[in-house]
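These protein sequences, in sequence, are chains A and B.
Reading the first sequence from the start, the letters are residues 753 to 1142 in our numbering.
Reading the second sequence from the start, the letters are residues 7 to 327 in our numbering.
By construction, these hints were calculated from the structure, which means they are not laboratory data.
Be careful, since some hints might not be right.
Listed next, the in silico DSS-like pairs over lysine-lysine satisfying Cα-Cα at most 27 Å (straight line) [to be verified]:
| id | chain 1 | residue 1 | chain 2 | residue 2 |
| --- | --- | --- | --- | --- |
| 1 | B | LYS63 | A | LYS980 |
| 2 | A | LYS1083 | A | LYS846 |
| 3 | B | LYS161 | A | LYS931 |
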Amino acid sequence: MTRKIPLSPKRLTFILSILALVLLVPILAGCSGGSKSETSTPTPTLAPTTTPITTPTPTSTMPAATSLTGAGATFPYPLYSKWFDEYYKLTGVKINYQSIGSGGGIKAITDGTADFGASDGIMSDAEQAAAEASHGPVMHVPMTSGSVAIAYNISGIKSGELKLTTDVLADIYLGKITKWNDSRITAINPGLTLPNADIAVVHRSDGSGTTYIFTSYLSKVSQDWATKVGNAKSVQWPVGIGGNGNAGVAGQVQQIPNSIGYVELAYAIQNNIPWAKLLNKAGNYIEPSLAATTKAAEGVPLPDDMKVMITDSANPQAYPIVGFTWILVYKNQQDQAKGNTLVKMLWWAIHDGQKYAEPLQYGSLPSDAVSKAEKEILSMNYNGQPFITP
Amino acid sequence: MRPSLVRRLLTPLAGRSTSLGDAIFSRLTLVFALSVLGILLTMIVLLNIDAMPAIRKFGVSFVGNSSWNPVTEQFGALPAIFGTLLSTAIALILAIPVSLGAAIFLAELAPGWIRGPASFLIEMLASIPSVIIGLWGLFVLVPFVRSPVEHWLGKLDFIPLFHGPPFGVGFLAAGIILAIMIVPFITAMSRDVIRAVPDSQREAMLALGATRWEVISSAVLPYCRSGLIGAVILGMGRALGETMAVTMVIGNGYGVTASLFAPGNTIASKIANEFNEASGKVFIGSLVELALILFAISLIINVLARLLVWRITRGVRESRE
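Construct the complete structure from the given sequences, taking the supplied hints into account.
Structure, rendered in structure tokens:
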């Protein structure tokens, strides 16, 4: 009996070349077919949706920083990285953004480890108090909005054909409606033949801003949801399967027959995922789109601090599951040079920066939101001295 | 005169050699050895500090509670502990026969031209990153588990194990993916262990007229069983802590159910899922306490394995005397 592995160099080469062949064939085959799914970098052709009221003027010749650090939300990261890249080309200011999650963004601004934080959710009162204990008021400056599409997989029913009302959607996620041919679903979808099958409910398994917007909506429209589950970045789901990330949820929905799930609109658009029309507050069935996302913050009262969830908007053309994402900054800046640079960057982002939002499938800020954000940015100061004046 | 402090420190621990080089070498390795211990202790201390808000709030009830509600800040570890143990158990049940069989074949029976390539491929399988195995699991294994496996097993739904709708994702899929991940480890180690059995053992049996099966079952395997247990424990350790691949196929439900089809969770996947966006001291503390529990489970299993190996080797020694 031999104890040695008889693996001669010749045999090794043979195995390796076979392996290489096996690995390369699908890659080569994929080259021709796969290229169409690639999204080319969109070139912004749209004019800015809003024009600044006035061009800001610097109050005096202030020192400026050459770099800033930020940390937080992952949801707006594609837009932020585009912004900061463009802003670097324009001004030479380098902005280091780490997409570590909204929780991390709030932590970073509280501990002062970053010049600005970013979050998809509103800071809780306790979080706000902890942050304000050290450096005074923290502001939520809206940057862009995103919406959440309800995706489904029912054979024979195409995108946009299924209609859902608020209470039906809430009761599906509460586990009260368990079959697709439930009389409450068929009543609002008279033309469709819905299967007598169990609904496979899919939700996010990781903490996420998408879940925050989705549960904010369900909490607003369903008393039952508000008391039993509530609104947070991760909740105790009464039923369902969890998928990790938008890709995880979309993957489960595409694979499991008779399933329903929720994904970020941008992800749904890029991957052609069938979505449902939702009944909005004004009584119209609305398909998710960028236009309907922007409408959600239009013509509705917005508070001055912008700590508002615009889910279930009263605008008749609005899609109901929409939320802002914010950059978190201290009103009273501790470093004159950094504050000066930060203010100019934020001003640029809510004006010129907005043209990059729609090509990347983010909703641009409507003019009401821009003017509120302007007021917040104008109030930022160093030792009582504002950085810019209108 | 008493020797100076420096001289005493430089005296080698073994005390035999007086060479300065030996002394430095022995101190240096001592420092390295202690640093491993130090890292472990620091980790335990830091985990305890971070977990303190949750430990204070929930106490022992954390282990037995099944809720995980970030909104009301009520957290419990039971479903995660249950899921960790169940998925690992499924993995071991599936992996042990396959890998021991493969190891015996490769070490004892395989002709030379199979042995080399097969061993090479097994080692390659062991080096595939877990996220790739997870993706494969999600797109290939899970549909296969949903139909035909779960459809077929679902016919036996009078057994609680096979009750419930066949989603594909769940404990069963997680167990299978873990089995696939640990088979190469257990196989490669068992093969080496079996190969290390001295030929004299086999020759003695052959001289008595034993068949091949008798040689393997009564001379080779008993001789190396402590090593085989070691190989299985190594695989189990990997299964307990595996994160990415499991997260992708286990379904991420949070509950304790008898059904293998139900979506579940493990400690590692719970942490991986929620840590990024967790906010609040109690929420983060609960996740860190989960990590501490996983630490404790690994420790207990390792101690039990040591005891098992120790008992078996003592048994072998006694029978030889």
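- What are the numbers of the hints that this structure violates, sorted from low to high? none
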